[in-house]
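The lines below spell out each chain.
Protein chains: 2
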Amino acid sequence: MNVLLKAKKVKVFAPASVSNVGCGFDIFGFALHHPGDELILRIVEKPGIHITRITGDNHHLPKDIKKNTAAVSIRAMMDVLKTEFGVEIELHKKMPLGSGLGSSAASAVASVFALNALLKNPFTKNDLLSFAMEGEKIASGSIAHADNVAPCLFGGFTLVRNSTVPDVIAIPVPSDIHCTVIHPHIEIKTESARKILRSQIKLSDAVHQWGNAAALVAGLMKSDYELIKRSIEDFVIEPIRSALIPNYFQVKEAALNNNALGCGISGSGPSIFALSRSLREAKYIGLEMKKVLNKIKLQSDIYISTINYEGPKVISLAKD
Amino acid sequence: MNVLLKAKKVKVFAPASVSNVGCGFDIFGFALHHPGDELILRIVEKPGIHITRITGDNHHLPKDIKKNTAAVSIRAMMDVLKTEFGVEIELHKKMPLGSGLGSSAASAVASVFALNALLKNPFTKNDLLSFAMEGEKIASGSIAHADNVAPCLFGGFTLVRNSTVPDVIAIPVPSDIHCTVIHPHIEIKTESARKILRSQIKLSDAVHQWGNAAALVAGLMKSDYELIKRSIEDFVIEPIRSALIPNYFQVKEAALNNNALGCGISGSGPSIFALSRSLREAKYIGLEMKKVLNKIKLQSDIYISTINYEGPKVISLAKD
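So the sequence lines, in the order shown, correspond to chains R and X.
Okay, so the first sequence: first residue is 1 according to our numbering, each after it adds one.
Okay, so the second sequence: first residue is 1 according to our numbering, each after it adds one.
Keep in mind the hints are simulated off the structure, nothing from the lab.
You may find that some hints are simply not true.
[Said to hold, decoys possible] Below, computed lysine-lysine pairings styled on DSS-like, alpha-carbon distance capped at 25 angstroms: (1) K137/X / K125/R; (2) K63/X / K137/X; (3) K137/R / K202/X; (4) K229/R / K222/X; (5) K66/R / K8/R.
[Stated by the list, open to error] Pulled from the structure, derived: some chain R residues nowhere near chain X, Cβ distances all over 12 angstroms: (6) G24; (7) D64; (8) D127; (9) K222.
Glycine included, each C-beta is placed from N, C-alpha and C at the ideal position.
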């Protein structure tokens, strides 16, 4: 593929995302404005992918390009491009690893979005999705699901109908929805959080769950806040994964007692999200959730954001 | 409860309905304009409920008021009303029993809707739903689901988020949607069709199913026909229940090869529904489906209808 360079160096941002959203295990997700990853990508003559620097929460991150999600994703893209040039990547993790906020998805999206931007966007977002999914596969240690990659890349609230042949549907969300995320300082690996799930579930639980998933879409599209509140409940995953998060149900109660529209585990945890209808409420919910964890001396961070409809963005471009 | 009579006799119609609609086992349903049941209800001095006549497809229908869905439903309503009067019911079944078209729901809805109409509507539709569900319980021989009663009573395309405490959500549907129903002349009892289902299902199948259920709502609300088509598929129930319907997959193929937006088992079968975008297409799909059954000498009826948004209706009122 012939490509025309727009610049030689680009700095991009890719956002964190909340996946599952209660009732939508492996299908729902939405992007936040922050936290997120910054990635600097530079075109170099030396062929190959070179990770020159990783800063931030980098204690587990491999610089090995076969194991690093940003590298694996961009490898998939460069294989299609058949480039003669190489790339240098600096990854600035500005979000916690193993937090349930789509950290690996953000890095995967950042790298392919960066190279596409430098090349004047030869690929569509659907193309980028499949490249980023290659990186996500490395991170998740199992069949990859697009429920973080999709909102991170497309922005907004997304429904991934099918991860095998990704089919991403944008779900309109009322504009006043705010999200509070509390990130307790413990780490849960997606792979371990997946292993504890049962491979079989009760049909009656599944019916409840798909009733809720369908109703949440209706609630969001109709701006029916009461319906959103009733339908966000998770009958299948929360009963199991909540055991991994200290005082999970007390934190949830604190959110729901303070006007949250819904509350649940973000991705595979330990982060917990709560939805509300104003910045003021979102902040207050955050404080009340934090109080619960303070009591057991578990440190935590709070993030507050509306839905991020933009997804990844270019911060700066430079000729060298 | 003090009630004021509007008239002494009423004739009502309650429509057939297609439930499940592919991916929405036990949660989705929509009402048809025809077929349906007609019911004549007359207030009489003699207390109690008296079924005076059943016509039509009545070979299994009990006149015993403890076993007849119309009687059990109206009993629940009269218990709340604490009426001193009695009622006589004539039920004209104008739709096949055990067809998967919500026959028992139509009779249950017809009776409570009829008495409510005579009494100048003291009850809301939500009240009527709970009365009609008492009748549906008798018919289904298990925990009753509101996926036929809800569309029959409220009209339109409904999502029953929860059958235990019925939570019925109207889903807007593109106005050009037509439904073809083919009813093969075999009978499947809801109870038997439920017994063959597995009580446990694979989590991965469940995820596919709730992805589709959520996507079908999005597709209907966005009038995204391609999305409707992709998402109507059923991973959980069809693989099992299709075995009860001769040449099911050939009938389905005939529909999909002729522009159907989706095709599946109506309720617990044996009726098969197909959606399309015009009367012409709906008719043609019906003919092609029928050809498949003709080949194996299985007789069938075809019904064609748009979505019925009205639900039950009063045909006539009389003073005596």
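Structure-based check of each hint:
no.	hint	in the structure
1	K137/X / K125/R	violated (49 angstroms)
2	K63/X / K137/X	holds (17 angstroms)
3	K137/R / K202/X	holds (21 angstroms)
4	K229/R / K222/X	holds (22 angstroms)
5	K66/R / K8/R	holds (24 angstroms)
6	G24	violated (7 angstroms)
7	D64	holds (30 angstroms)
8	D127	holds (19 angstroms)
9	K222	violated (8 angstroms)
Checked against the numbered hints listed earlier, the structure breaks hints 1, 6, 9; every other hint is satisfied.
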